[in-house]
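Read top to bottom, the protein sequences are chains F and U.
Take 12 as the starting number for the first sequence in our numbering and just add one per residue.
Take 28 as the starting number for the second sequence in our numbering and just add one per residue.
What the hints contain is simulated information worked out from the structure, not anything from laboratory work.
The reader is advised that the hints may include incorrect statements.
Below, simulated DSS-like cross-link-like pairs (lysine-lysine); rule was C-alpha separation at most 27 Å, straight line [unchecked claim]:
#1 U:63 to F:232
#2 F:484 to F:431
#3 F:51 to U:181
#4 F:42 to F:88
#5 F:42 to U:63
#6 U:85 to F:42
#7 F:484 to U:118
#8 F:484 to U:181
#9 U:118 to U:85
#10 F:484 to U:85
#11 U:118 to F:232
#12 F:38 to U:167
#13 U:141 to F:42
#14 F:74 to F:51
#15 F:257 to F:359
#16 F:164 to F:88
#17 F:484 to U:63
#18 F:51 to U:178
#19 U:153 to F:42
#20 F:164 to U:118
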Amino acid sequence: MAKFNMTPDELLNFQFGAPNVGWMEHKPVFKEGNFAYPAKPDVIRDLGFPNPREWSPLDEDWKLPENWMEIVREGMKDRLERYRSFKIFMDICVRCGACADKCHFYIGGGDPKNMPVLRAELLRSIYRGEFTAAGKILGKWAGGRPLTMDVVKEWFFYFYQCTECRRCSLFCPYGIDTAEVTMIARELLQLLGVNINWMMEPVRNCNRMGNHLGIQPHAFKDIVEFLCDDIETITGIRIKPPMNEKGHEVLFITPSGDVFADPGIYTFMGYLMLFHEIGLDYTLSTYASEGGNFGLFTSHEMMKKLNAKMYAEAERLGSKWILGGECGHMWRVINQYMSTHNGPCPPKMETPVNPITGTVFRNATETKMVHIAEFTADLIRHNKIKLDKRRNAHLNVTFHDSCNPARGMGMFEEPREVIKACCDNFFEMPAQTIREQTFCCAGGSGLNTEEIMEIRMRGGLPRGNALRHVQQKHNVNTMACVCAIDRATLIPLADYWAPGVGICGVHELVGNALIMKGEQERTMDLRQNDLPYLDESAEEDA
Amino acid sequence: MSFLALLRSDREGIAIAWRDAIYSTYPFDTAGFLRKGQDEFKNPVGVRTDAAVQALVKHLLEETVLDDVALDAALDELVRIRAVQDFTPGKAIGALFLIKGIVRQRLPKLGKLKDHAEAVLRFESKVDSVALRAFDIYVKCRTQLYEMRLKEIKNRHAMLFRHAGLTADAAAEETPDSDQQ
Ligand code: SF4
Ligand code: SF4
């Protein structure tokens, strides 16, 4: 009976489990689908970044500069001196493991090097090996290792599998923020010309044309007009949003995904309808036509440069304060970096006051920027807008806390208040998956590119799993969010893990529910689908 | 006792061994994590794998099998995850075949093999057909990934297509009889 007694591995005749080698020895294998494509040489050249060239992670030779080791060492030394947080994060981890199972990429994928502690260790081991006396002498025994080409490849592999979501930092007793370790690691890779196109092309476009897709002002204006056509079809009201006009109280800046991408456009329509209805004195700008800032994922310097246009445009147009749209990482930049990068704000800007309610947004005293969810929640609290919830009655809604507004700026209540004012059927996902503990969409920090869809899906499992739970329990069919990247990335995530759940921005719900003065009877929602409640009331009448 | 009844007497042992064998297809540290976490939101891979194994054991060991919908749902629970993890197709689906080795290993303790040789083969054929269904689901998941990639590109540029007159609506207007082609 010997042949009936085969072990599973023998039975399948190949090694089934993972190779049992130490984590440092296990090297990543690059294959289509597990890396994002490198930046195109012209993009890198336009930006004046180092080492533009054609290369592929699949190649043995990554065509690094000859003195690449020196560049990394110098780059690391420079950053250890400049960023005290980085030095501390390199020194104080006690490897307690509290963060280990908190990363969505680890939870969904199972690769130990996606444990935040090991992700950071990829860099920390080089820090020890190169910069600490113990590490230099004792090497591996002191947790140090030498800088080799394999290390660079490993950095590229794993630091582009971190969405800089900061979930891990929430659980670290020392407050170590692996997202910041990733930011530094990516900066070091940038010095060698090791980067991804999905990030660098938007950076280049933003740098030159003001928005990620590089859409020029006239096309931007045309597209806004298309959306105004749609609003007119739906409501009978023609809106003419001011564009690049001087002398308005408010400058409105939103991610360009709201203008160009489906379903962001419906959120954008919601903003315009709201502003029209309350008579807000505002202007859009084709210069500051992008709230998003992929510089955050590139380098501190690039983040600063791309962010600078917000104040520059407010100053040029003479706006008193800036209202910002539903975006994730835009708000991380504003909340965490803007005032040190580009502050103080232009002298004529003022602490934002809601012109309709008189509320002073003291939380925005420093930056002069208010999040649209705060603004609308304030209008609702003061009963300044009329909302017809029946138009959203067919939606059972849950809310995805986007990592940056949640963990990067602590905004939890306002979007929920707005949703609940627009919809009767609101259901929370389980507590360990929302608010501070929210699970990432797995496409943040410039990883929302389609060539790594399978990585995004495994990283998206924790979010998708919680979504499926409320779908099954409460019949949830809509997940709202306040982030333009989420509005794109959550669509495949939901299709894959909780099929049947649609994605929308919070202000799409507002636009649908908003009762506008002089509007025609609404028969369609902003996507121009029939409003189901009308059929139901017609049936009741009959 | 029938062969299946014999296996049912060791049902829990078989399920645990199968589940653990699947967990062991992950790196060592991860296998431990998958085994210990019971919270479905903190450890979805572990909990879903376990749920799938329980359902499949029922299907393979009971006289009355799961209907197609229930069987596919159980397989989907396992395969959908493995289809996006770092496995080759063989290793993703191979998780199903592990049950064969487990039963072969445990059987001598339960009864005399030679009394059940035919039933063993029948059982293994059942495993094979389950694995074939799993293969269909695997391909469906992988195909879905590609479809989602395309859809994402379209969504991202929705207004640019419209601006350039390239939307489906515009195309349909230009070729009114496109449906018939
Ligand atoms: S910041 Fe987010 S993605 Fe990066 S290691 Fe921490 S939990 Fe993972
Ligand atoms: S929780 Fe903090 S101290 Fe503990 S292993 Fe993670 S980073 Fe290190």
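These are the hints, each one checked on the structure:
no.	hint	result
1	U:63 to F:232	56 Å, violated
2	F:484 to F:431	19 Å, holds
3	F:51 to U:181	22 Å, holds
4	F:42 to F:88	32 Å, violated
5	F:42 to U:63	31 Å, violated
6	U:85 to F:42	38 Å, violated
7	F:484 to U:118	33 Å, violated
8	F:484 to U:181	32 Å, violated
9	U:118 to U:85	23 Å, holds
10	F:484 to U:85	25 Å, holds
11	U:118 to F:232	52 Å, violated
12	F:38 to U:167	30 Å, violated
13	U:141 to F:42	47 Å, violated
14	F:74 to F:51	14 Å, holds
15	F:257 to F:359	13 Å, holds
16	F:164 to F:88	20 Å, holds
17	F:484 to U:63	26 Å, holds
18	F:51 to U:178	24 Å, holds
19	U:153 to F:42	34 Å, violated
20	F:164 to U:118	25 Å, holds
Hint violations for this structure: numbers 1, 4, 5, 6, 7, 8, 11, 12, 13, 19, all remaining hints satisfied.
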